[in-house]
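Peer 1: Sequence:
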Amino acid sequence: MSRTRETPEAMDNTAVPFVTALALYPILEALVSHLRPNDLVNLTTTCQVVNNQIRMREKQVKASLLTKTLCPGTGLQARLKRHCPCRTRGWHSYCGCGGEGYNVTSKPCISCGINTCDECRIHVSYQVYVEDPGLDGHRWWAGYVLNYLFPFAIYPPKGDDGAAWHLQPDMMQSHHDQGRLHLPLYMNGIADAEPISRILDTDLGKNDITPSGRTSRPFEGVYTAVLFKSLLANRKELVCRICFDGMYGAGLSLCSCTLRKRFLDRWTCVPCHLDESKKFDQEHRATRIYSKDGPWIDKIFCRCGDQIVPVGHYEVICRWCNGHVVHVEDDNADANPENVDKQEFTNNEDDEENAGSAPVNLPPDHMAFVNNKDETLSIYVNGSRISGERIGRSIVRDHLSRKGIELPCACCDCSSVACENHHHHQHSDDESEDVNVEASVDGEDVSDHGDDGHNNLEGLDFDDDRIGFDAEMEEDEE
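Just remember that the working numbering sits 82 ahead of the position in the sequence shown, which is counted from 1.
Possibly wrong hints are sitting among the right ones.
Stated by the list, open to error - Dumping the calculated DSS-like pairs for lysine-lysine here, alpha-carbon to alpha-carbon at most 25 Å:
1. Lys163 x Lys360
2. Lys163 x Lys311
3. Lys318 x Lys343
4. Lys343 x Lys360
5. Lys311 x Lys360
6. Lys361 x Lys163
7. Lys343 x Lys361
8. Lys381 x Lys360
9. Lys343 x Lys240
10. Lys163 x Lys144
11. Lys141 x Lys189
12. Lys485 x Lys455
13. Lys381 x Lys318
14. Lys361 x Lys381
15. Lys150 x Lys189
16. Lys360 x Lys318
17. Lys163 x Lys189
18. Lys455 x Lys381
19. Lys381 x Lys343
20. Lys240 x Lys189
What the hints assert, rightly or not - Label pairs and their in silico Cβ distance ranges:
21. Ala145 x Glu358: 12 to 22 Å
22. Gly219 x Asp285: 36 to 46 Å
23. Gly219 x Gly333: 54 to 64 Å
24. Gly219 x Asp380: 49 to 59 Å
Please keep in mind that the hints were generated in silico from the structure rather than gathered at the bench. The beta carbon of each residue, even a glycine, is placed where N, CA and C say it ideally should be.
Generate the whole structure from the sequences, applying the supplied hints.
Peer 2: Shown next as structure tokens:
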């Protein structure tokens, strides 16, 4: 005996208790709070009556319901596609989506209105990795800046007891937009870690983001701030004096933007931020003609079509707030309040009794690796001993490798990110063993050792707009 299944008439569904319950908004709201946006859309396609009850075709109702759904996780997915994790292979990572039960705050994105968790929104810095025990006898923390590919070392804030940063790795949570930013993990360099709070609160209407740390050799604090140049350049629109006087002259307010106001005070999901950034980038490039010989700019045009000439006959408007950006000399402490309160930096955290034997007759500007008594690393240069968090992780890796210590491979194997950048060893043809290609002896000048990757932030979309507008910038790049 055969059986047939008949679908009830659409109108019959109105008597189903579930459909009846959907007519009560508090019940619908409670249901939606357990669904992701795609689940909600799928629910509306089950039958016409359910579709009518949920009323997703009504703009206001749809917008209201999307603010109450679970976070869809698209921001975290976008981060994972753009951030290369290979330099932190073997580290403990901690991140997750609020829509999957990760304990973070969720709010509606100000652009698309979809409920977005703190891990899926845009941050200036993402601190997501910890290595403990770490190389050179101390714990390492790392993360990313915005959507740039490569991880940076990040240290706890100065003057903080650091308790939340020193929990067991499986008990930690992210410290986004906190701490102090150091060098990329792949870079051979020495620098003072830069307070992220200072980066977030620099008044961009009057100042560019410049390092507070030391920038004279052997210190390279410039690379803790240089990656923000492209971001800040894309927000600037250059207009001729005539347009400025005619269109903006009356009642134009000064720009007072900060990265905190732009990124943290505005709760924006990562996909919406990427769309917004693409728009600004297209507007930025539309006014420029680039050289055929490289990524240098030959000409810049005002919105009226006239060419901007590099002799000061132009003004700068902020695309974020439409305010006037005032030029201030970055290295003039009297004019730039961001640089007035320079802090004193030390070279070491340990006691001098821990220091190893200082090298003798070391040539000027040459660096010598020396083991401390506790087997950590010191670098001697120009009569000074440097150790601890100032030393970039890549230098530590090289030093340990030269001592014959086997370390986890840091070569990129990302399937979706092309980030082959300055790796410190190459694989043999049969991939059965790795060959160190940066071996050197103690006392050799490490400023030359590794220059193929030194002073280079490939993948950071660095665009300094050099066409002679800023002679000081040209000098810094030499």
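Peer 1: Would you mind marking each hint as holding or not holding in the structure?
Peer 2: Checked hints:
1. Lys163 x Lys360: 17 Å, holds
2. Lys163 x Lys311: Measuring from Cα to Cα gives roughly 23 Å; hence the hint holds.
3. Lys318 x Lys343: 16 Å, holds
4. Lys343 x Lys360: Holds: Lys343 and Lys360 sit about 20 Å apart, inside 25 Å.
5. Lys311 x Lys360: At roughly 16 Å apart (the allowed maximum being 25 Å), Lys360 and Lys311 satisfy the hint.
6. Lys361 x Lys163: 20 Å, holds
7. Lys343 x Lys361: Measuring from Cα to Cα gives roughly 19 Å; hence the hint holds.
8. Lys381 x Lys360: 21 Å, holds
9. Lys343 x Lys240: 23 Å, holds
10. Lys163 x Lys144: Violated - the C-alpha atoms of Lys144 and Lys163 are around 29 Å apart, more than 25 Å.
11. Lys141 x Lys189: This hinted pair holds, its Cα atoms lying about 19 Å apart.
12. Lys485 x Lys455: 16 Å, holds
13. Lys381 x Lys318: 15 Å, holds
14. Lys361 x Lys381: At roughly 21 Å apart (the allowed maximum being 25 Å), Lys381 and Lys361 satisfy the hint.
15. Lys150 x Lys189: 9 Å, holds
16. Lys360 x Lys318: Holds. Lys360 to Lys318 sits at ~14 Å (cutoff 25 Å).
17. Lys163 x Lys189: 23 Å, holds
18. Lys455 x Lys381: 57 Å, violated
19. Lys381 x Lys343: 32 Å, violated
20. Lys240 x Lys189: 30 Å, violated
21. Ala145 x Glu358: 12 to 22 Å: At 19 Å between Cβs, range holds.
22. Gly219 x Asp285: 36 to 46 Å: 39 Å, holds
23. Gly219 x Gly333: 54 to 64 Å: 59 Å, holds
24. Gly219 x Asp380: 49 to 59 Å: 51 Å, holds
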